[in-house]
Structures are given as structure tokens and as C-alpha cells.
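So the sequence lines, in the order shown, correspond to chains A and B.
For the first sequence, position 3 (counting from the first letter as 1) is numbered 3 according to the working numbering, and the numbering increases by one without interruption.
For the second sequence, position 151 (counting from the first letter as 1) is numbered 151 according to the working numbering, and the numbering increases by one without interruption.
If you're looking for bench data, these hints aren't it; they were derived computationally from the structure.
Note that the structure is predicted; figures quoted are calculated from it, not measured.
Built from N, CA and C at the ideal position, the CB exists for glycine as well.
Heads up, a few of these hints could be off.
[Stated by the list, open to error] Here are the simulated lysine-lysine pairs, DSSO-like style, with alpha carbons at most 27 Å apart: (1) B:K273 with A:K74; (2) B:K255 with A:K18; (3) B:K165 with A:K67; (4) B:K250 with A:K12; (5) B:K250 with A:K18; (6) B:K250 with A:K50; (7) B:K273 with A:K67; (8) B:K255 with A:K19; (9) A:K67 with B:K176; (10) A:K50 with B:K110; (11) A:K19 with B:K176; (12) B:K250 with A:K40; (13) B:K165 with A:K74; (14) B:K176 with A:K40; (15) A:K12 with B:K110; (16) A:K18 with B:K176.
[To be verified] Listed next, with one range per pair, are the computed distances between beta-carbon atoms: (17) A:S5 with B:L266: 41 to 49 Å; (18) A:P66 with B:E151: 36 to 44 Å; (19) B:N234 with A:A45: 39 to 47 Å; (20) B:L134 with A:R56: 39 to 47 Å; (21) A:G10 with B:E187: 30 to 38 Å; (22) B:D236 with A:K18: 41 to 49 Å.
[Claimed, not checked] Reference listing, derived: stretches of chain B covered by chain A, where coverage requires no fewer than 3 residues with Cβ under 8 Å from a Cβ of chain A: (23) 118 to 130; (24) 158 to 171; (25) 220 to 232; (26) 306 to 317.
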Amino acid sequence: MVVPSTTHPGWKDLLNGKKQCDLEFLAAKMTMGRLQTYIKDNPEASAMAKCVEEIRNVFVNNINLPKVQRDLEKIFN
Amino acid sequence: MKVMHTIDELSKKIKENKSLFLAGDENLLKQLPKGRWIGGTIPYFMAEHGGEFSQDKIYVTELPDYITDVKIRPYTSKTVSNVYKDLPENSFGLIVIPATSNTHLEFALKSPGYEGFGNSPLIGWIAGTDLADLGKIAPKVINGETLDVMEDGALVLQAQLPESKVADINIINIFKQGEGDTLTFPEDGWAVKTVLVNGVETNLADYILEKGLDTRLPLVADYYGAMVNISFQNVDQDKKEVSFYAPVFKGMAYKHAAPIADYIKLFTSQLPKEGTDNIAFSCNCILNYLYSELEGKKTGAVSGPITFGEIAYQLLNQTMVYLTIDDIS
Numbered sequence: 001m002v003v004p005s006t007t008h009p010g011w012k013d014l015l016n017g018k019k020q021c022d023l024e025f026l027a028a029k030m031t032m033g034r035l036q037t038y039i040k041d042n043p044e045a046s047a048m049a050k051c052v053e054e055i056r057n058v059f060v061n062n063i064n065l066p067k068v069q070r071d072l073e074k075i076f077n
Numbered sequence: 001m002k003v004m005h006t007i008d009e010l011s012k013k014i015k016e017n018k019s020l021f022l023a024g025d026e027n028l029l030k031q032l033p034k035g036r037w038i039g040g041t042i043p044y045f046m047a048e049h050g051g052e053f054s055q056d057k058i059y060v061t062e063l064p065d066y067i068t069d070v071k072i073r074p075y076t077s078k079t080v081s082n083v084y085k086d087l088p089e090n091s092f093g094l095i096v097i098p099a100t101s102n103t104h105l106e107f108a109l110k111s112p113g114y115e116g117f118g119n120s121p122l123i124g125w126i127a128g129t130d131l132a133d134l135g136k137i138a139p140k141v142i143n144g145e146t147l148d149v150m151e152d153g154a155l156v157l158q159a160q161l162p163e164s165k166v167a168d169i170n171i172i173n174i175f176k177q178g179e180g181d182t183l184t185f186p187e188d189g190w191a192v193k194t195v196l197v198n199g200v201e202t203n204l205a206d207y208i209l210e211k212g213l214d215t216r217l218p219l220v221a222d223y224y225g226a227m228v229n230i231s232f233q234n235v236d237q238d239k240k241e242v243s244f245y246a247p248v249f250k251g252m253a254y255k256h257a258a259p260i261a262d263y264i265k266l267f268t269s270q271l272p273k274e275g276t277d278n279i280a281f282s283c284n285c286i287l288n289y290l291y292s293e294l295e296g297k298k299t300g301a302v303s304g305p306i307t308f309g310e311i312a313y314q315l316l317n318q319t320m321v322y323l324t325i326d327d328i329s
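Chain B with its partners taken away, still in its complex shape (with noise of 0.2 Å):
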């Protein structure tokens, strides 16, 4: 199917009055009519013929016309945690936020404690830049609606579902948890010094040495059997401080991922079995790209933005997140 759009083509659609779901560069976001659509910014991709850095093309995720109704909602970091009581029942909810961003920080630390969490499915991205603007360029995100361009803030399009569909949430994360020590943390945070290895107080960024870590592999939680990965930004050696894409929570156990021989392999070995004729949305991860070279490479019959943070209820690192739609039986 195709997914990368010209701006003449998705002007199309958008005069149709489609919903839908945008990811790419600013410059061409912004020249998009008024309509019923949100975007944030990233120039990656898992496009139709693979991985794919493009500034002349969008990627699209068209709303299906069963969809019986959509609504677009700015949040603030102020107002980010009525996010998941605000989806209707029955609804999904398409959520895209700047990088950094004090919504970003906000909703990452605190999402999995508002009102609703898990009560109906939201997915999305974090938005972001073309690496060498790391810095320069504010990631942002617009409301199709309003053409509001936020370097702050959230955008939610909620989808509403006839009765007889259901929507759920899978990630795949080819990451488990290695052998080594359990680590823990003394508070919640993007950035640590102190580290509990095995029970006994350490520093991470020293720990971090000693061991000799490869950081290009996550921390990873077991969420009661689900991974969730986190994963390092910096390892600052002269103030002894790590910081990372998502934060560490209190009291939850981490290991140091095991190493992974071949990315494409084991992905592709996850996909869903049944198909993947039924996945509404999909993104993955700028590290899972870089890290695994996936720039012209296929990940099976999967597409999406590839971002700075992916959600699938809560922030999450180095995962691909997917949004599938299916008959009630």
C-alpha cells in the first residue's frame, strides 16, 4: 500500500475531508490545507520499500471510513493527564508530541499513573528532526484543523469505532533482559547518578565503565511479561550522571538487554502470525533504525514513522508500537 505522499496528493485527500494521521518534515506539513488531520515532524521512515530519510514526502495514515466520528484535542502539559478519560468508550487515540517538550517530559514521567490509563488504546509517536538539526530545529507538532504549529503540547485524534469493531495495542520489542545484575533506582528520572546494583548503592555512569556496557542496547523492565525498554542518551563521565530517552521508574527492576545478532531476522520473527492486514498504525523507533542500519532495509510488511519515542499507552524506547482493528466476534 502506498504510505509516502506528495503534497499535491495528500492535499487531495485532505480536501476529501479524510482523517488522517501525518508525519514529516516541517516544511512540507506546513504548506498542508486547513482539515481534519494532526502531523509532528520527523524526515525517517519504514516506507513501503523500506527505511527511507525523505524532506519531498509524507507519510500517511488514512483514518478507514468506518470510523463513525474524530475529534482532534490539543493537550498541554498542563492538561496532558486527561488523556486517556478523555477517549470516548469504544474509541482509539492517535497521539503525537514534540521531543523535549515540557509535555514530553510531563507525560513520559506520569503518564501510567492518570486517571483511565489502559481504558481504551492510544498510540503514537514523539516528533522529532532530521539528526543534524539535533539542537536547532524545534521538533513540533500541527493541528490540521487550526494549523496551529506547537513546539509544546500534544495533539489527539480520537477515533470513534462502530459497535462492532474492536481496537488493541501490540508492541515488538526484540529486546529481553540479560543475564546481569538487577538494577534499580532511588527515584524516578531522565537523568541518575545513583544506581542500586543487586541491592547495593552505586554510580551508574562509573558501573557503566567498570562493565563495560554497551549502551546502544536498553535497560529493560518486565512489565509483568511485556518488555519495556530504556533507553541511554548520554553517559556524562565528568559530572557521573546518565540520562536517558525515557525515564526510570522507582522501584522497578532493570536488566542490561542481551545482545541481538540480527535485527530484520528476529523482527520479522515477531510479526504478528495472522497477518498484518489489520494494522491501523504503526511506528518505530530512530535508535532501532540507526542501531540496525535499517535505512533501505524491509521490516517485513510493516510501515511507519520512525520517531524519538513511541507510545503505546506510555512512553517506550526501541520498540515498534502497532495499532490493529478487528471484527468483534
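Chain A with its partners taken away, still in its complex shape (with noise of 0.2 Å):
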């Protein structure tokens, strides 16, 4: 499976909450929980790029985990 790179709107959407996905995988409802209170704090485009390659990267490492393909299979489908 093939994790949609940063350019991915699906990303923005995830995080500014404009899209909401019951998420099972635990890292990355951790990783949401920090990255959403920091975005509301700092809503530049810059904290935004970065977020959302920090909440990737733990898609990314955790690929083989079928939670986390379920997951995906939310956030962009």
C-alpha cells in the first residue's frame, strides 16, 4: 500500500479537521491529539507543511500494521 505523498490535500484535511476519521492506531491518534493543538496555536502554512510530514512519517513506518492500512483507507477514501 502506498502512503499519499505531503501534497495530499487529504492530509490538510485530516488535520485541520475538516475531515474526521475514527483512527486505530494508537501513535497516530497520539500524534493528531499534539499536531491539532498545535495547529489552532499556529495556523501558518509553514506549521501546516510540517505537521503534516510528521503525521505521515508515522503511516510511513508503520505500513505493515493492517490498523494502520484501515486507517488510510479512511482518511483517503
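Combine the two chains into a complex, taking the hints into account.
Here it is, written out as C-alpha cells:
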């Protein structure tokens, strides 16, 4: 399974709350909880880009977990 | 499965070159021979027959034989920021840190922002002492390769998985956010005076007194569906200061937990439905052990040390954390 690139708008939609997903993967949930708080205080584009890279890395590095693959399906489909 | 071992039984395993993650009384751990193990001090356990206090047996987590490589990595408060990025691809890390050490404080406050957070599973616990020795004897961690005894620092046992296996971390937290006020904090910290209650600045100690909050119930933050607890340590009405067993974070929305009726019933209802045979390590919190009176009681088939803090990527409170290893399908 290929993890969408950082330019895919789905990452931004996830982080700014436009798309809500019931994620299963604990590290993704913890990272999302922290990054969404960070983005509220730092609305500039560079902060969003940094957060997209960070959350994407969590998915890329755990892609072998079935729950990570299911989470990606929820985010991008 | 037998998890509590005498020194003689354990020494045999060490000599067989088993890779071991240990929890036990300081005097016992110090008697063990050199080998591929790390350990932390604690005399409380969820053992084979239920909650147990023991100063004559050690809780043993033995890594499966299919683990292809094991490395023991010591860290200081200055280097612990490397803990996630040092984990190799398709590995997991077992970590132990002594309670109240500088490394504990540093890791708890800053680890969510460390490079590589979440890229590989990191799970473990905060070492403690017999509660009767609080403030008298420092919690410690011991590196079995060198027999170094550390009151400050962290030890990580890095375990490399074969390509056919994958590890994952889960938590069981029976606490949920209650229906009450939303609490936010202006700064990160272990001890606070000021809180924003629904956006209005208030003294937290005064708020707790006025509302009559049960401080055995934690504050709970919702991390995108993962409930993360912050347990109360002390409410000092003279200093008007409240301290916690884990730091609160600026901007995160917390609520006081809803009350629970029966810990064991709620806990066992949350155990994985597919079974617990794939659990390679778990631990639970000393506050759950105390407040829910777990001594002598069983929490399903799950065992592990009872700890002064649980680590599932980051520091947690009043939560059971566990690591599973499964075949990649």
C-alpha cells in the first residue's frame, strides 16, 4: 500500500478537522491530538506543512500494521 | 504462564543468554549475574494469580526466540531525545526510567515532540519503590550488561523483529471524560496554579475544593479518540498549587474523569476480543492497583509490573499498556 504524498490535500483536511476519522492506530491518535492543538496556535502554512510531514511519517513507518492500512483507507477514501 | 521467578530460576535464564525485561525489588535485581537484561525497581505486580506485593521474586518478560537482534541502549536526560529515532526499522523498544529522576521529568514533558515519535513502538514503565519507602529510597534501573545501577537515566532494550512479524502498542484506559467543565492550562507543567475553566482563569486548588472533585479520578484529554490521563499527585491548599504524576500540556482540553463503579469488570470488558496470547509485554499503574484494590484480584490473563507511570510512546497515568506481536498477513 502506498502512503499518499505530503501534497495530498487529505492530510491537511485531517489535521484541520475538515475530515473526521475514527482512527485505530494509537501513535496516529496521539500524534493527531498534539498536532491539532499545535495548529490551532500556529495557523501559518509552514506549521501545517511540518505537521503533514510528521503525521505522514507515522503512517509510512508503520505501514505493515493492518490497522494503519485501514486508517489510511478511512482518511483517503 | 509463569512470570514470577526466584533469583536462581532467573540466573539460569540469564546464563542461557535469554533477552529479559525485568521488574523487581532492588536487592534482588542487584544479585543477578551479567547478561542481556535490563530491569527496574518495583515490588508490586499483576502476577499469575492476581495483584501481588513481592520482595522475593522478580517479574520476568522474556523476549521470544524469533527476535533476531537485541541491543541495550542507556540514555541520560540529555540524550533521551534520541530514543525514538534510534529504534531500527521493524523493531520495538522496551524502556524503563526511574521515577522522579531528571530523565523522567524530561521524557514526560518533551517526548511527544522528539524526532521520530510514533515511528516504531516504544513501551515501558517508570520504576518505583515500596510505597512505605517513598522519599527514602530512590527508584533505580539496572543495565544487566554492565550491572550499572542508575538513579537517573533510561534504559532501552531494542528488539529487532523478523520481516514476518510486526509489533503494536495498545492501551486499556477505563476512564472517560466526564460531563463537567473543560480545563485548559496556559503552560506545560507538572505543578500548576492557574487553570482556564471553560476559558475563565481560576486557581486550580480553589476549583478542586469548591467542586469537591475526587482526585483519585484523573484529568482526561482526548487525543483524537485516545483517552490520555493525568493523575493528581497532591493538592496543596496552602501554596494553592496542584501537582500531577504526568505533565499537563498547554492548549490541550482536559475534563475530570467520569466515576467508575467496578474496575475489574470494566477492565476485563476492554481486553482484546481476539485474545491475549499475542501480548508480549504489559504493565499497569500503581494508582489503579491502590484505588481499585487489585491486590489478590486478577485482571483477566494479563500480567505485568505495577508501575509509577506507563509508557506507550509517551508517559501515561492510570492506564494499562501492552505490546502485541503478530504475523504479517
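Tested hints:
1. B:K273 with A:K74: Status holds; Cα separation ~22 Å.
2. B:K255 with A:K18: Between B:K255 and A:K18 the Cα gap is close to 24 Å, so the pair holds against 27 Å.
3. B:K165 with A:K67: Within the cut-off at roughly 14 Å; holds.
4. B:K250 with A:K12: Distance ~22 Å between B:K250 and A:K12 Cα, so the pair holds.
5. B:K250 with A:K18: holds, 23 Å
6. B:K250 with A:K50: Distance of about 19 Å is within 27 Å: holds.
7. B:K273 with A:K67: holds, 15 Å
8. B:K255 with A:K19: Satisfied, since the Cα-Cα distance of roughly 24 Å is no more than 27 Å.
9. A:K67 with B:K176: holds, 23 Å
10. A:K50 with B:K110: Roughly 18 Å between the alpha carbons, so the hint for A:K50 and B:K110 holds.
11. A:K19 with B:K176: holds, 23 Å
12. B:K250 with A:K40: holds, 12 Å
13. B:K165 with A:K74: holds, 24 Å
14. B:K176 with A:K40: The given pair, whose Cα atoms are some 24 Å apart, holds under the 27 Å limit.
15. A:K12 with B:K110: Judged against 27 Å, a Cα distance of about 25 Å means the pair holds.
16. A:K18 with B:K176: holds, 25 Å
17. A:S5 with B:L266: 41 to 49 Å: The hint (41 to 49 Å, Cβ to Cβ) holds, given that A:S5 and B:L266 are roughly 42 Å apart.
18. A:P66 with B:E151: 36 to 44 Å: Roughly 41 Å apart at Cβ, these two residues keep to the hinted range, so it holds.
19. B:N234 with A:A45: 39 to 47 Å: holds, 43 Å
20. B:L134 with A:R56: 39 to 47 Å: Given range 39 to 47 Å: holds, Cβ gap about 43 Å.
21. A:G10 with B:E187: 30 to 38 Å: Holds, since A:G10 and B:E187 (Cβ atoms, about 33 Å apart) stay within the stated range.
22. B:D236 with A:K18: 41 to 49 Å: For B:D236 and A:K18 the Cβ distance comes to about 43 Å; the hint holds.
23. 118 to 130: holds (count 4)
24. 158 to 171: holds (count 5)
25. 220 to 232: holds (count 7)
26. 306 to 317: holds (count 3)
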